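Number of protein chains: 2
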Amino acid sequence: MTSKGETTKQKILADATPVFQIKGFTATTIGDLLAATGMTKGALYFHFPGKEAIGVEVFRKESATFMDFLDEVLTAETPAASLDNFFRAALGKHRDTGFVGGCFFGNTALEASDIFPVLSQMVAEVFDAWIEKIQAKIEAAQTLGEIRRDLPARQLAELVVATIEGGIMQSRLLKSELPMANSLSSLRVLLELRLRH
Amino acid sequence: MTSKGETTKQKILADATPVFQIKGFTATTIGDLLAATGMTKGALYFHFPGKEAIGVEVFRKESATFMDFLDEVLTAETPAASLDNFFRAALGKHRDTGFVGGCFFGNTALEASDIFPVLSQMVAEVFDAWIEKIQAKIEAAQTLGEIRRDLPARQLAELVVATIEGGIMQSRLLKSELPMANSLSSLRVLLELRLRH
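Chains as they are written, first to last, in my numbering: chain A, 1 to 197; chain B, 1 to 197.
Keep in mind the hints are simulated off the structure, nothing from the lab.
Wrong hints could be hidden among the right ones.
No copy labels: a pair is met if it fits in one copy or bridges any two.
Under the rule of at most 20 Å between Cα atoms (straight-line distance), these lysine to aspartate or glutamate pairs were calculated in the EDC-like manner [unchecked claim]:
| no. | residue 1 | residue 2 |
| --- | --- | --- |
| 1 | K93 | D68 |
| 2 | K23 | E52 |
| 3 | K61 | D15 |
| 4 | K175 | D128 |
| 5 | K93 | E72 |
Quick caveat, the model's predicted, so the values are computed rather than measured.
Construct the entire structure; sequences and hints are all you get.
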């Protein structure tokens with residue numbers, strides 16, 4: 001494809017992302033995507049075979065962006081500071097959107113789990129990679145005595161991800177920062193996260 | 001409506017419930033509901049004005065059933081035993097469905113939050129009532145020294161609900177009991193839930 005074609009393709013994906021995020025994979029129609037991109041059906045179908053293909057590409061791009069985000073925020077001076085930084089950054093990300101849209105991967109998980117095996121496999125891989133990155137920091141923090149050691153790092157990492165997903169769900173529902181912020185501050189206390197000042 | 005009409009109405013709601021649970025509110029079509037109930041369009045529309053009305057009634061019934069479930073499982077000998085009983089019962093409920101369908105209210109929250117204000121208000125009320133019931137048991141457990149006291153009961157109750165929602169999401173995604181079971185056993189340790197034997 002020409003460079004101009006590639007630019008158009010990227011623009012379609014960028015315009016389609018908030019539509020999938022807010023309406024969900026199933027409810028999004030080709031009509032929604034035409035409205036969001038301002039393109040004709042013919043032009044859109046020239047670049048993608050259909051809604052599913054656009055959805056899968058949007059998912060791939062969002063996954064890559066999220067992995068970059070995790071790597072970026074999980075690199076503070078100490079493992080505990082990295083985890084704390086991740087908590088702050090996750091809350092800030094959702095605050096910036098006014099708690100609209102929620103977690104792209106959590107939304108896709110709930111939609112895809114029972115009916116779209118390909119998509120749900122893709123979501124499972126994102127969650128697994130996310131949990132592994134958190135687990136690595138928890139393990140390092142446990143070694144340094146910056147976090148409680150009486151539970152395995154993997155189990156604590158799963159708890160962190162589950163709690164954040166549930167917190168985002170509640171904050172999105174109430175359009176309030178409180179549920180997510182409270183869950184994160186509870187996690188700090190319960191994990192016995194010790195930051196050096 | 002005659003008693004026979006009421007019976008048909010209840011049968012429609014019962015048949016429609018798993019469809020809404022698995023496909024979600026938006027993706028469920030009148031065609032799906034006709035297939036699930038085995039009725040003609042005319043017969044279905046005689047009892048309900050449309051999909052939305054059926055969805056709202058299914059939601060009301062599920063809410064009432066869930067509140068009854070909570071009241072039933074939260075009545076063990078002690079507050080801590082009640083909470084532990086709730087954890088077991090919640091896991092058992094989802095194990096019984098093979099982790100298909102997930103949490104009806106969590107699913108509806110994610111679908112409705114940004115686009116269906118009426119439904120999202122109804123979901124918010126369910127979550128609030130759920131959190132309050134857990135909070136009451138945590139408060140009582142704190143008073144008896146059966147649970148840690150350094151965090152407010154409301155905040156811990158929000159954490160419990162968020163963590164369970166996130167755990168159900170992961171267990172549904174992986175069709176495995178482990179994520180939900182691990183989250184619950186982490187909660188028991190982190191809340192310092194003390195059961196008397």
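Practice prompt. Go through the copies and call it for K61 and D15: within, between, both or neither, with a Cα cutoff of 20 Å.
Written response: Answer is within; shortest intra-copy Cα gap is 13 Å, inter-copy 38 Å.
Item to complete: Tell me, please, which holds for K175 and D128 at an alpha-carbon limit of 20 Å: within, between, both or neither?
Response: between (28 Å within a copy, 14 Å between copies)
Discussion item. Reference check for the pair K23 and E52, CA-CA at most 20 Å: within, between, both, or neither?
Written reply: So K23 and E52 pass the 20 Å test inside a copy (14 Å) and across (17 Å) alike.
Item to complete: Up to 20 Å between alpha-carbons, please classify K93 paired with E72: within, between, both or neither.
Response: within (13 Å within a copy, 39 Å between copies)
Worksheet item: Given identical chains, is K93 near D68, meaning Cα to Cα at most 20 Å, within a copy, between copies, both, or neither?
Response: within (14 Å within a copy, 37 Å between copies)
Hint check: no violations occur; every hint is consistent with the structure.
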